[in-house]
Amino acid sequence: MKRVLVSIIILLSITGVNAQKNSFSAPDYKKIGKAIAKQKSSAYYPVLMERLNANDTTLTPREYHLLYYGYALQPGYRFDMVKPFQDSLLAVMNREVLDKSDYKHIIDMASSVLKEYPFEIGILDPLIYALRMEGKNDLAAKLEFRFGRIVETIFNSGDGLTKETAFHVVSVAHQKDMLRALGFGFGGQQMMAGSKISYLKVAKNDFGIDGMYFNVSAINSTPANH
Numbered sequence: 013m014k015r016v017l018v019s020i021i022i023l024l025s026i027t028g029v030n031a032q033k034n035s036f037s038a039p040d041y042k043k044i045g046k047a048i049a050k051q052k053s054s055a056y057y058p059v060l061m062e063r064l065n066a067n068d069t070t071l072t073p074r075e076y077h078l079l080y081y082g083y084a085l086q087p088g089y090r091f092d093m094v095k096p097f098q099d100s101l102l103a104v105m106n107r108e109v110l111d112k113s114d115y116k117h118i119i120d121m122a123s124s125v126l127k128e129y130p131f132e133i134g135i136l137d138p139l140i141y142a143l144r145m146e147g148k149n150d151l152a153a154k155l156e157f158r159f160g161r162i163v164e165t166i167f168n169s170g171d172g173l174t175k176e177t178a179f180h181v182v183s184v185a186h187q188k189d190m191l192r193a194l195g196f197g198f199g200g201q202q203m204m205a206g207s208k209i210s211y212l213k214v215a216k217n218d219f220g221i222d223g224m225y226f227n228v229s230a231i232n233s234t235p236a237n238h
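The opening residue of the sequence shown carries number 13 in the working numbering; numbering runs sequentially from there.
Since the hints were derived computationally from the structure, they do not count as laboratory data.
Please note that a few of the clues may not be correct.
Claimed, not checked - Derived CB-CB ranges, DEER-like:
(1) SER53 to GLY220: 42 to 50 angstroms
(2) PRO87 to SER207: 17 to 25 angstroms
(3) ASN217 to ASP68: 32 to 40 angstroms
(4) ASP99 to GLY197: 15 to 23 angstroms
(5) SER124 to PRO58: 28 to 36 angstroms
Beta carbons are placed, not taken as given, at the ideal position from N, Cα and C, and that holds for glycine.
Take these sequences, add in the hints, and give me the full structure.
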C-alpha cells in the first residue's frame, strides 16, 4: 500500500511553530468577518484568495489565519462535499504500482478539487506526492508551503487537550488530518462533547493522551450565527 509521506515536523519547524506555546490564536469570526470585508485592505478576502491561488509563499501566518477561518464565512461554503474526491484519490494511491497515467489522473483531479476546496489537506497530500513523482518540484514545494501553513494555523488555535483549548477547524476531514499530523492514530471513536466540540479518541500512545478535542463551530453554524 502506498502512502503519502509529508514530514509535518519539518514543515512546522520551517513555519516556526513552537509546540510549547503558552497562548493560542483561536478565531474570532466577527473580527475576521470585518477584516476580510474591507475592499481597500490587503486583508480583503478576494485579494487574499487570489494570492493563495497563485501559490504565493509570502502569505504570512496572520493572512493564513484570515484565509482559513474566513473561508467558513464565504457564500456557498460547504464542508461536506470533498470526501468522494478524497476516496477516489485514495483508491488510486493504494494501488500496488502507479504509472504516469495514474500520476496525471491524481494531478488533474486534485488540482480541480483544490479550486473549490483550497484548504483540504487530504487533497494537497496526494497532489504533492504526484507532482514530486512527475518532477514538478517547484509547484510541489509551493503546495507544501500551503500544506504547512494550514496545519500551522490549526495548530496555533489550541492544543486539542481540553474543550477550552480545542483545535478550531473548518472541515470535518481536518480533525483526523490533525491526528495524523501530530503522530496519533485514530482510536475508532468520535463523539460530540457539546454543540460545538467534537472529541476523537486516539490510539494508544507514549504520551498517555486518550483523545483530542476540536472546535467545529464553523461547521455546525452558519456564518450569521458566529
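Now the hints, each set against the structure:
no. : hint                                : result
1   : SER53 to GLY220: 42 to 50 angstroms : holds (45 angstroms)
2   : PRO87 to SER207: 17 to 25 angstroms : holds (24 angstroms)
3   : ASN217 to ASP68: 32 to 40 angstroms : holds (36 angstroms)
4   : ASP99 to GLY197: 15 to 23 angstroms : holds (19 angstroms)
5   : SER124 to PRO58: 28 to 36 angstroms : violated (21 angstroms)
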